[in-house]
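Here is how the chains run, residue by residue.
2 protein chains.
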Amino acid sequence: MNNFKDFYDSEEKREVLSVIVVNKESVLSRVVDLFSARGYNIDSLTVAPIHNSEYSRMTIITNGRARVIDQIVKQLNKLVPVLKVIEHKDAIEKDTVLIKVPIDQNLSDLDVIARAYNGAIQNVTHEAVVISATDEPKRIENFIKIIEKFKPLEIVRSGVVSMER
Amino acid sequence: MNNFKDFYDSEEKREVLSVIVVNKESVLSRVVDLFSARGYNIDSLTVAPIHNSEYSRMTIITNGRARVIDQIVKQLNKLVPVLKVIEHKDAIEKDTVLIKVPIDQNLSDLDVIARAYNGAIQNVTHEAVVISATDEPKRIENFIKIIEKFKPLEIVRSGVVSMER
Numbered sequence: 165m166n167n168f169k170d171f172y173d174s175e176e177k178r179e180v181l182s183v184i185v186v187n188k189e190s191v192l193s194r195v196v197d198l199f200s201a202r203g204y205n206i207d208s209l210t211v212a213p214i215h216n217s218e219y220s221r222m223t224i225i226t227n228g229r230a231r232v233i234d235q236i237v238k239q240l241n242k243l244v245p246v247l248k249v250i251e252h253k254d255a256i257e258k259d260t261v262l263i264k265v266p267i268d269q270n271l272s273d274l275d276v277i278a279r280a281y282n283g284a285i286q287n288v289t290h291e292a293v294v295i296s297a298t299d300e301p302k303r304i305e306n307f308i309k310i311i312e313k314f315k316p317l318e319i320v321r322s323g324v325v326s327m328e329r
Numbered sequence: 165m166n167n168f169k170d171f172y173d174s175e176e177k178r179e180v181l182s183v184i185v186v187n188k189e190s191v192l193s194r195v196v197d198l199f200s201a202r203g204y205n206i207d208s209l210t211v212a213p214i215h216n217s218e219y220s221r222m223t224i225i226t227n228g229r230a231r232v233i234d235q236i237v238k239q240l241n242k243l244v245p246v247l248k249v250i251e252h253k254d255a256i257e258k259d260t261v262l263i264k265v266p267i268d269q270n271l272s273d274l275d276v277i278a279r280a281y282n283g284a285i286q287n288v289t290h291e292a293v294v295i296s297a298t299d300e301p302k303r304i305e306n307f308i309k310i311i312e313k314f315k316p317l318e319i320v321r322s323g324v325v326s327m328e329r
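Quick note, the sequences are listed as chains A and B, same order. Take any residue in the first sequence, count from 1 to its spot, add 164: that is its number in this note's numbering. Take any residue in the second sequence, count from 1 to its spot, add 164: that is its number in this note's numbering.
Please note that a few of the clues may not be correct.
Unchecked claim - Not the full set, but computed from the structure, chain A residues with beta-carbon under 10 angstroms of chain B:
#, residue
1, F199
2, S200
3, A280
4, N282
In short, the hints are calculated from the structure, not lab data. Note that beta-carbon positions come from the ideal geometry of N, C-alpha and C, so glycine has one too.
Okay, chain A solo, but in the shape it has when bound (with noise of 0.2 angstroms):
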């Protein structure tokens, strides 16, 4: 059991949390503050006002051990302008990425890659064509990487947004 325990507490364990908390300036410091207190980095963070309400949902995606993403959950449910915290078991995620690639590059494959990802293209200048994608987070890592080949100026992404299934 002991060994059990070593191993749970020092693995590693990619984390999904939704935060609600109260749509206030000063919230999102605090729920940060948190991660960052611990020498926690925060991957991917997306925040966005709860429709019809005075709440905002955060989605954080984090890399920690077990015992220490208990312990910063807890935490969060002790702080006054958090109503709830969801640890995400079985969700769908989605993340988006926009591209910059020079105008040069065969824009036909571009429209069809961006299309297999739920994407378009989105604008086209005398310089550069920008297209997106939207998919799961696995899924836009493998698009940046066929895209890779277009010589990309610009890559930008949205962080995760998830909900339980």
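For chain A, the structure is supplied; the task is to place chain B on it using the hints.
Then chain B, alone, in the frame of chain A:
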């Protein structure tokens, strides 16, 4: 000119900022704190690592008086872990929403509407359907309004990601 200046100072405007920061656990707090210290709410925030780099990119949407936002941008630029601040003027913006509706709603209608907003049905259980949409923030607001008649159980927005055209 004085009148114009007063107007400029008092008028709230929507501002889209991209902030390129060193990918370290304390940086997100420091950036967010700059806003909350002035009582400024961040309406939408997305953070994700920049591919093949030591940096992360934050997209921040805020509403405020131009002068205060100018001050925030100046202070952001002074922070050591901040590499660059972009005040977007003509950007492509994308927002993603996931909406869960009860299973007894018209699925064909849901499918057609979701596809009109670059989305799709993402999951179906015995109780509920999850649909997605990815579009400009204003169109996502329209989408949410239309879906209201399907009695949504849960609505999650990602926050905005943006890139200059």
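Hint by hint, here is what the structure shows:
1. F199: 7 angstroms, holds
2. S200: With a closest approach of 4 angstroms, the S200(A) hint holds.
3. A280: 13 angstroms, violated
4. N282: Holds. Min distance 7 angstroms.
The earlier numbered hint that this structure contradicts is number 3, and it is the only one.
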